[in-house]
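Numbering follows the numbering used here, with no gaps: position 206 of the sequence shown is 206.
To be clear, the hints were calculated from the coordinates, so they are not data collected in a lab.
One should not assume that every hint holds.
Straight-line alpha carbon distances no greater than 16 angstroms define the calculated EDC-like cross-link-like pairs of lysine to aspartate or glutamate that follow [what the hints assert, rightly or not]:
| # | residue 1 | residue 2 |
| --- | --- | --- |
| 1 | Lys1049 | Asp1091 |
| 2 | Lys626 | Glu700 |
| 3 | Lys778 | Glu737 |
| 4 | Lys656 | Glu700 |
| 5 | Lys109 | Glu50 |
| 6 | Lys941 | Asp909 |
| 7 | Lys825 | Asp782 |
Using C-beta positions, here's what the derived DEER-type ranges look like [unchecked claim]:
| # | residue 1 | residue 2 | range |
| --- | --- | --- | --- |
| 8 | Gln804 | Ser1048 | 44 to 50 angstroms |
| 9 | Asn182 | Asp85 | 21 to 27 angstroms |
| 10 | Ser77 | Asn1069 | 45 to 51 angstroms |
| 11 | Val665 | Thr1007 | 57 to 63 angstroms |
| 12 | Arg229 | Lys69 | 56 to 62 angstroms |
| 13 | Ser735 | Gln779 | 16 to 22 angstroms |
| 14 | Asp1035 | Asp294 | 42 to 48 angstroms |
Just so you know, even glycine gets a beta-carbon here, dropped at the ideal spot from N, CA and C.
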Amino acid sequence: MGSSLTRAAQWTTASSGTGKLEFTPMNRFLLKEILHFVEQFSSQHPQEAEHVFEEPLHWSTTLVVSDFKTDYDISDSDVQSHEKDYEGHPLLQLSPPTVYVRSFSQLSKLVHLADDKKLEEIQACLEENKDPVVKILGPSFVSTLEKEDAHTDVLRLVDKVKEKDQGKDPEVKVKLFLLLQNMDNQLISKCLKEIAGQVSLDPTAVKNEVELLKKFCSEGEKRVLKLVRYTSDYIFSNGCRSPLWRQMHGEICYLVIEPCDTETLYITCSTAGVFLNGGIKHEEEESGYEQTSDMYKDLVTLLKSRSPHFTENINMQDFAVEELPSTQKIQHVELVDVEEQGQPQRSYEQQEKNVHEEARQQHRPNKAGHEKKYELCPRWRNFALLSSCGKAEENKPSKSSREKKSGEIQENLVPGAKSKIKAEFSVSSFPGRLSSQKIKAEEKKTSKTSGEQKSGEIQKRKLGSGAKNKIKAEFSVSSLPGRLSSQKTKTPAGSMPMEAFSESSSESEEEEEQPERRPESNTDLPEYWQIQKLVKYLKGGNQTATVLTLCAMMDFNLMQETCQLAIRDVGGLEVLINLLDTDEVKCKIGSLKILRKISHNVQIRRAIVYMGGLQSIVKILDSPVKDIKALAAETIANVARFRRARRTVRQYGGIKKLVKLLDCVPNLAKLTANQEKDVEVARCGALALWSCSKSTKNKEAIRKAGGIPLLGRLLKSPHENMLIPVVGTLQECASEESYRSAIQTEGMIKDLVKNLSSNNDELQMHCASAIFKCAEDKQTRDLVRKYRGLQPLVLLLSKSDNKQLLAAATGAIWKCSISMENVAKFQEHHALETLVCLLTDQPEEILVNVVGALGEFAMIPANKANIRNCGGIKSLVNLLTGTNQALLVNVTKAVGACATDMDNMAIIDQLDGVRLVWSLLTNPSADVQSSAAWALCPCIKNAKDAGEMVRSLVGGLELIVNLLKSTNNEVLASICSAIAKIAKDKENLAVLTDHGVVPLLAKLTNTTDDRLRRHLAEAIGHCCMWGSNRASFGDSGAVGPLVRYLKSKDEAVHQSTAMALYQLSHNPNNCITMHEKGVVKPLILFMGSDDETLQEFAAGCVRNIRLLAQANRNARLYR
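Work out the full structure, taking the sequences as your base and the hints as a guide.
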């Protein structure tokens, strides 16, 4: 229970001192051995079992007071053993849910009481008592004995303890210590034997088994499986397909297998076996790696346990299943210890995913189905990753014996045992990492021009020399701290909280910036070779030469891709990044000016992040030189356009530093030269925050750093180049509730409205977008109207060529029109007519907003006629055939609002709009289903011959009834409302009854949702009008729950419930149930309501109950 827990047990975190025991076969084995030791201890070692622990072992137990019988003092909420220590403490005490145990004898008894939960008790005890030996014997006693030699005899140990007077009964304590130590050693020995005897998988065995299973996916009678596929087509040189950070856990690849008779299986193949995971569907997944099933020795065994069809048909195939090569015993070496390298696991996952992004774009499996195999970059090769045969990659010879030693793998490891291999990092171990990938990618192409071949050879030579060249000049590359090496030493895992490395769910769902697929640059251009020569001078020159070379490089058109890639291909990025760590201002400025321009290239900005350059740029934000701060912020604005870069900025404190840059006074009439620089720094800082604000966690970091009031101050600037990034940041952050509230309270709405009248389309677009997001709140909508922002929004509709601006403007109009006061103002500026004209030939993003606005406009009766007169009804009906779910929700809402007008309904019916709306009930989206059902209600109510119209829809009524099985309350409420309208026609009600509407409605009556209650009661009331439905509702148990609806605070629920109870009260049995449930008293109260309809239904129900009671009384009197 000492070293076995730290060395052999597997915990949920990297350290055995925290976390929980994982659900693994090894841990189960350990727990069973420890349980056996505890159970036998009292009988085999009675004297030691009575020893009182120095500190009690305590944990949250599953036992309760009733589980304890004799030998205990039992009260209502407490259990104590009769046996007590010399201080009067009970040796066992239960104060649910915590139990305290002070001896092995009591521990053995408690385990016996646990019965079938013995293992759970042992596990909880070990998890909450991290070092049980110390608690049992005391820290000073344990430290004293641990210092002694292992071969020291017992008598000398006892004498050693007596010399220091450490407690009573030293002989017993020494014997107990030796017993625990012996048990610990036996556990480790058994674990090693268990590991050595385990059958392990390797990538080759998994690949062969997958290829065999794919043969079972053929069509026809021989088909046993529907699909077998990998989640990733990317193969490392060791044969694994899992991310590098998961290979450290022994995982080889992830599969998606679809059996013919069960749900899809998501499987992890590891060296220990195969098991089901949490649902990894694609290689980009960041979660779902947890084990959710038992471990199986191979895929066939797992499939047999999950698919009866597979088990039945596997042996009926024409070809027999051969012995799969999955039971090879291999020497398993743990790939790498993340914590020793000082980097959290998630960062490795992201790094592996992104480092090879370019390679994945350039290397795709060919049409013949052959997969290309990729080499690891130098960084990962240092980790000594396993090759496909299970051996470690060989390291290249090095001059240093220490480096040789780090690449070797011990040959005397126990088979299957894990060994942690430390890799040393230096600048020379990362020679042109990205450039070398580029070269490998180019070499795999089937055809090359002579110019490309020449370029590849030159790149190889220059990379090799550039990495090893050591220049004594102060500003040379080798004199500067190595970028990748220094990262490892400067940022250990413990230097920042793990929270900084986690990502919020919303950010992980953000769309990653896709690398642009550009044609290969023309390396034959003279600029390409001239820049490469300059980079050579940059590597080898002194301070003066470095500055001159930087100036010469800036004379080129660095926005041209050829020039950008020339710098990267020859290793110039490493040099430019290293220059950022010098103390020479000119070198920093020159390097940043170049990085600022070339970072517009997707590949370049990714390379900057992979090389660790973003950390240096963030660090420079603290520079006292304002020009450097501005350039650094602008470079961050270019680089932080993908998720990993944004996360890096936050992790290294960049958000706080960028927020500090915003502190300036931008709206002075005259600015001094120094103030102008402050304004420029603030502008660049706002640009960087704009890029970073696409991350949810960064938005929160900006708010916590005090960015909102500073952005509000900058919003008053008269300069458009300042306003665009400021408003861009605000509109990006306005998706968060905290920002929307702050924008309103800080008085920013006035400035946003003011800038709607700007001549700059981009600024107008961002202002409208910010209003669009903020106008969910009524106060914001009122403020927009107060500051006369509605007319500028309508004027923006005339700029129909600018689709982004049009989308923002229509979105702002939509949200503002939720307030009917705003709709009246919009009508003064003829907004409705303009919106109707935008219903055709527009992108879906704009149509969603336009239709949403028309749905709000149609809430005013006069506007329904205006929409019809402008030809809007036909355009809306035409949009019902689309597939965009957001658009369909808004279209059905608009059609439903328009259908409340009889003339509009006639046009909708003529255009077959009801059938189109009804067909949307089959849409998989619950939002579309509910919106369509709500729209059907006014259509059915106002149709000329509603009953016949509904019956003409083949299968329509059955579809409506089946939707009562939905789990979404909004869908159920809308369907109940539609059924209430349909049931007014007797023939349709008969069909609904035949389809089983009564038991389905009765099943829903236990809901606590008032909106659903209202429409459910209404549906039940109307469905009572046919045959024996009243009695059927009573038999289905619908009456009792309906009585409880009368306690609701919603008056609409009271009216519909009273109507339903009135209809149900025509059945005598229902009257008896109502009376038993106490319905009379609340109904009498409702009889005094101001609502005449409610009065009538309540009185009618009481009357029916009273008539039944009177008839029953008369029957007894005259019997």
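- Numbers of unmet hints, in rising order: The structure breaks only hint 2.
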